[in-house]
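Colleague: Below, each chain spelled out in residue letters.
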Amino acid sequence: MDNKSKKLKAKDFITVGIFAAILFAVEFAFGMLGYIHPFIVASYVIILPLASGIPMMLFYTKVEKFGMITIVSILMAIIMFVGGMGYLGAPLIILSGLAADFIAKSGNYKSSKKTVLSFGVFNLWICANYFPILVTAESYRQDLIDGGYSAEYVNNLFAAINVKTIGILVVLCFVFGCIGAVIGKAVVKKHFEKAGIV
Amino acid sequence: MKLDPRTKLFMVFVVSLVAMMSATTPLLWGIRLTITIIPIILLVTEKKYASALRFFLAYAIAFVLAFYFLSEKSEGIISSLLIGYCGIVVQFMPAMITAWYVIRTTKIGEFMSCMQKMHIPDGIAVSLAVVMRFFPTIREEYSSINDAMRMRGVMLGGGNVLRMFEFRMIPLLFSCVNIGEELSAAAITRGLGGDTKRSSVIELKLGFADYLLMTFLTAATVIFVMYKYFL
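Protein sequences appear in the order of chains A and B.
Taking the working numbering, the leading residue of the first sequence gets 1, the next gets one more, and so forth.
Taking the working numbering, the leading residue of the second sequence gets 199, the next gets one more, and so forth.
Hint data in this document are derived by calculation from the structure and do not stem from the laboratory.
Glycine residues also receive a C-beta, built at the ideal position from the N, C-alpha and C atoms.
It is possible that some hints are incorrect.
Below, a sample of chain A positions facing chain B; criterion: calculated Cβ distance under 7 angstroms [said to hold, decoys possible]:
| # | residue |
| --- | --- |
| 1 | 10 |
| 2 | 11 |
| 3 | 18 |
| 4 | 58 |
Bound-form chain A, shown alone (with noise of 0.2 angstroms):
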């Protein structure tokens, strides 16, 4: 196959599935946590970041065209939709995911200082999911205590995600990013590069 080609051929598409999968996977398992305690919820910013940082960092060393991060946003936001997370938040996370399509190839998705930004880019898309809280949020509330959660965690909720903390959120999310990569960079590097598979 040639490599050099611009234009995305089958393998890459399964290259994003596959990794579409496992990032799904890793949010999944984390994302049950959230139903212990609303912080939870909030920590995702810190705790998704570091988690999917390998998989992830992995699948950068696989990129080398335009739009294989993009799809994989896209693919997250059909699989948030599809598990109940609203719409309202799947086009922020299309965004994000294009944006940091648009950094790793400025650094030609080879310069490790642009994949680490890139990636911490990527990452708001965790934020997006916070999205409906906000703009929502008296009807969103409102949902929450119908649909059966208790008014202590509802309350506990918003008290974490509102608009005066989401700034707080966007960042953190953005530097635990960051350092996501350069752990799962490091780890890549240890396990992956020495058996030859990158």
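Based on these hints, arrange chain B on the given structure of chain A.
Modeller: Showing chain B alone in chain A's frame:
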């Protein structure tokens, strides 16, 4: 009964849409329950009795618990844990059951040909198909890795959490990457990624059951939205 993949996708769409909006009145709950029952019945018609029963029981128990024993006033760690899990089950189970049904009963070939008919770009179609096929694989791989780790005395819990994470994540990634290589080889052998338009062995045709189900689901959604937001 054999449903067209397009109907199934439509069902996934509708169920997630309804699952997102909370039900407040008995009528809305009724619609929601009906929509939840449909995939369970479909599972029975596909002879997946065990999973149909499992889903049904899980949903019923969570539903009863959430409805009769817990209210928004309940506090304390145990009830909030319980409410959390019942809430999640009641909220997301319908979408989960439907997704499970679709994944289990749709062959990848059917899925691809359906995507082609709906003029979805190849990139998204292929990646989605891989995602669908891959979830069960990840779970299998993970449980075998877990077994292997346990055999060597690397347990979850005690010890360094980070290492536990590393010892599971890395082997999982290794096997996923390898499976991916095999998958691409197999896909390319079957002509995926060629320049010509691919033909499909499976002829998709919407039957009577498809139209019936689609009409029913559309009607249910419209009524749900009408009663929730406009009446």
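Colleague: Where does the structure disagree with the numbered hints, that is, which hint numbers, in rising order?
Modeller: none
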